[in-house]
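**Q** Sequence:
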Amino acid sequence: MLRLSVLSGTRLMKLPRLAMFALLALWGMAAHAAVWQPGHGLKQQPVWPGTPPGAQALPGPESATPVTTELVAGKPWQSIRNVSRPTYTVYPPKGKNTGAAVVVFPGGGFEILAIDLEGSEVCDWLTARGITCVLLKYRVPGIPYDWHCDCRAHNFAIPVPALQDAQRTIRLVRQHATAWHIDPHRIGVLGFSAGGYLVAQASTNYDLPIYKPVDATDTLSARPDFAVAVYPGHLATPDGFNRNVPVTRYTPPTFIVMAEDDHVDGVDQAQAYYNALKEADVPVEMHLYAHGGHAFGLRPTRLPITHWPALVETWLVTEGVLSP
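For the sequence shown, the residue numbers in mature numbering (1 follows the signal peptide of the UniProt record, and there is no 0) are -33 to -1, 1 to 291.
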């Protein structure tokens, strides 16, 4: 893996001409790497006022690229790599504001973020239903994935950087509840795949002190009021259930959806989380479909699983988050 280092002008001139041109080209690529922008006149806001806690070096600069080799519903999707400065983007509701808000965690195996397929497209759906959507661009790559070895040495570990970003963002939403016309008691989380694992982490480790408080925002609760986990991973272990997800009766009501032919995470992930929630007497609703695979997002297809967002809307009414 290539790494760029700063060279003095004298040392640079001593490089062979071709090597110097190659190095300058790499610098140019790093400096002009495409960076994702939310569009719609929206603006990303920093999650942290300064350097994020536990900041570590990444394999390269942040970049956004279209993925055309793994189409979803016949269309490409956008991948973000090397996020060192996490941001959140607020998508205001369209039409009547319900007062509810959802923080969205895109998936990507803690390697990348599927920022449109499992992010901005989700916000388009939620805002059309009068729900404020807060899209979190959390730090990747990070544990359980280790980019140094391109491996998952601790596949069931707490995703500390991502959870730090999630906790802080939920607190920020509560802090701005009045200004954003949000009910501070109707703030939920929704995530896909690795983001689904982050949903489980945020739902159970919301009071875990994994970073030193930065300001008054960090005195607020990071507990979500409801949660939606879509094809979540990292939950079912060879021994049963991931002990780093301490489900209790205080875990928020949860909705789970997955396909039985998901060969990436496996349907046992959803089943394990459902069983843990049920055992703790947490209100939980799960929908398993015969077909759908993994990473289907919200894009419409001929498969029945494509209608899962409508089930979430009904569930939100059942749980009192939305009015009938």
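These aren't lab readings, by the way, just hints derived from the structure by calculation.
No residue lacks a Cβ here, since even glycine has one placed at the ideal position from N, Cα and C.
Don't take each hint at face value.
The following label-pair restraints were derived from C-beta to C-beta distances [to be verified]:
| no. | residue 1 | residue 2 | range |
| --- | --- | --- | --- |
| 1 | Cys116 | Gly21 | 18 to 28 Å |
| 2 | His152 | Pro291 | 16 to 26 Å |
| 3 | Arg216 | Ala1 | 23 to 33 Å |
**Q** Are the hints correct? Go through all of them and say.
**A** Verification of the hints:
{"no.": "1", "hint": "Cys116 / Gly21: 18 to 28 Å", "verdict": "19 Å, holds"}
{"no.": "2", "hint": "His152 / Pro291: 16 to 26 Å", "verdict": "19 Å, holds"}
{"no.": "3", "hint": "Arg216 / Ala1: 23 to 33 Å", "verdict": "46 Å, violated"}
Checked against the numbered hints above, the structure breaks only hint 3 and satisfies the rest.
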